[in-house]
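K.L.:
What follows is each chain in one-letter form.
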Amino acid sequence: GENVEQHPSTLSVQEGDSAVIKCTYSDSASNYFPWYKQELGKRPQLIIDIRSNVGEKKDQRIAVTLNKTAKHFSLHITETQPEDSAVYFCSGDTDKLIFGTGTRLQVFP
Amino acid sequence: GAVVSQHPSWVICKSGTSVKIECRSLDFQATTMFWYRQFPKQSLMLMATSNEGSKATYEQGVEKDKFLINHASLTLSTLTVTSAHPEDSSFYICSTRQGNSPLHFGNGTRLTVT
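Taken in order, these protein sequences are the chains called A and B. Note that the numbering used here numbers the first sequence so that position 87 is 87, with each residue one more than the last. When you read off a place in the second sequence, starting at 1, and then add 109, the result is the number in the numbering used here.
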């Protein structure tokens, strides 16, 4: 089955800097890669997703890149703000969604 | 508005009792529901996939007799934690989707077993 690894587990950045979170996956059949943001005690919220026929997707300050050959994808957040502080999960999807281990992002003012 | 409604949002029960968590799809008929468990500061771990009208598919290591899943209608799936113990205390969250769309999550249920 699918196995998703995520790095780093924690990430601290200064407000305005960029943050990058990387994930690798094992199942070459995975064709959908969503990223979720989860605030404490709340449900995960989809922030961006990418399908396997696309190499990059951008939505304002957030972008995701996908390298299907290497089986890795990354989340890029530019001009970080304190409200970006949360736990971020990558996921790989075949017939079910498997989550990475999560990255706790802290943005300091 | 919410696409998936999950109840209760929190529950405290005594060790040995059973707890039922409900998950309703509000906007579409959900033939499949995914049940996740999340321990503090950890990721969401898929427990099982419930299928309307048939048996649920459990992930490796999840006891099907302890975590009973019922998906009797196209809008309702339930997870019952039977004979709950303190180690079952966790955040349980359901999700579903329509076709190839992104997952819609319920708000989650925080279970505390005393």
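Keep in mind the hints are simulated off the structure, nothing from the lab. Some hints here could point you the wrong way.
Unchecked claim - Subject to a maximum C-alpha distance of 25 Å in a straight line, what follows is the list of computed SDA-like cross-link-like pairs (lysine to any residue): (1) A/Lys-42 - B/Ser-163; (2) A/Lys-96 - B/Thr-140; (3) A/Lys-96 - B/Met-154; (4) B/Lys-150 - A/Gln-60.
Claimed, not checked - Reference listing, derived: stretches of chain B covered by chain A, where coverage requires no fewer than 3 residues with Cβ under 8 Å from a Cβ of chain A: (5) 122-136; (6) 210-223.
Claimed, not checked - Reference excerpt, derived from the structure (chain A facing chain B, CB under 8 Å, subset only): (7) Pro-34; (8) Pro-44; (9) Ile-48; (10) Ala-63.
All C-beta atoms in this analysis are idealised placements derived from N, C-alpha and C, irrespective of residue type, glycine included.
K.L.:
Give a verdict on every hint.
P.N.:
So, going through the hints one by one against the coordinates:
no.: 1; hint: A/Lys-42 - B/Ser-163; result: violated (30 Å)
no.: 2; hint: A/Lys-96 - B/Thr-140; result: holds (13 Å)
no.: 3; hint: A/Lys-96 - B/Met-154; result: holds (11 Å)
no.: 4; hint: B/Lys-150 - A/Gln-60; result: violated (28 Å)
no.: 5; hint: 122-136; result: violated (count 0)
no.: 6; hint: 210-223; result: holds (count 7)
no.: 7; hint: Pro-34; result: holds (6 Å)
no.: 8; hint: Pro-44; result: holds (6 Å)
no.: 9; hint: Ile-48; result: violated (10 Å)
no.: 10; hint: Ala-63; result: violated (17 Å)
Violated hints, listed in ascending order, are 1, 4, 5, 9, 10; each of the other numbered hints is respected by the structure.
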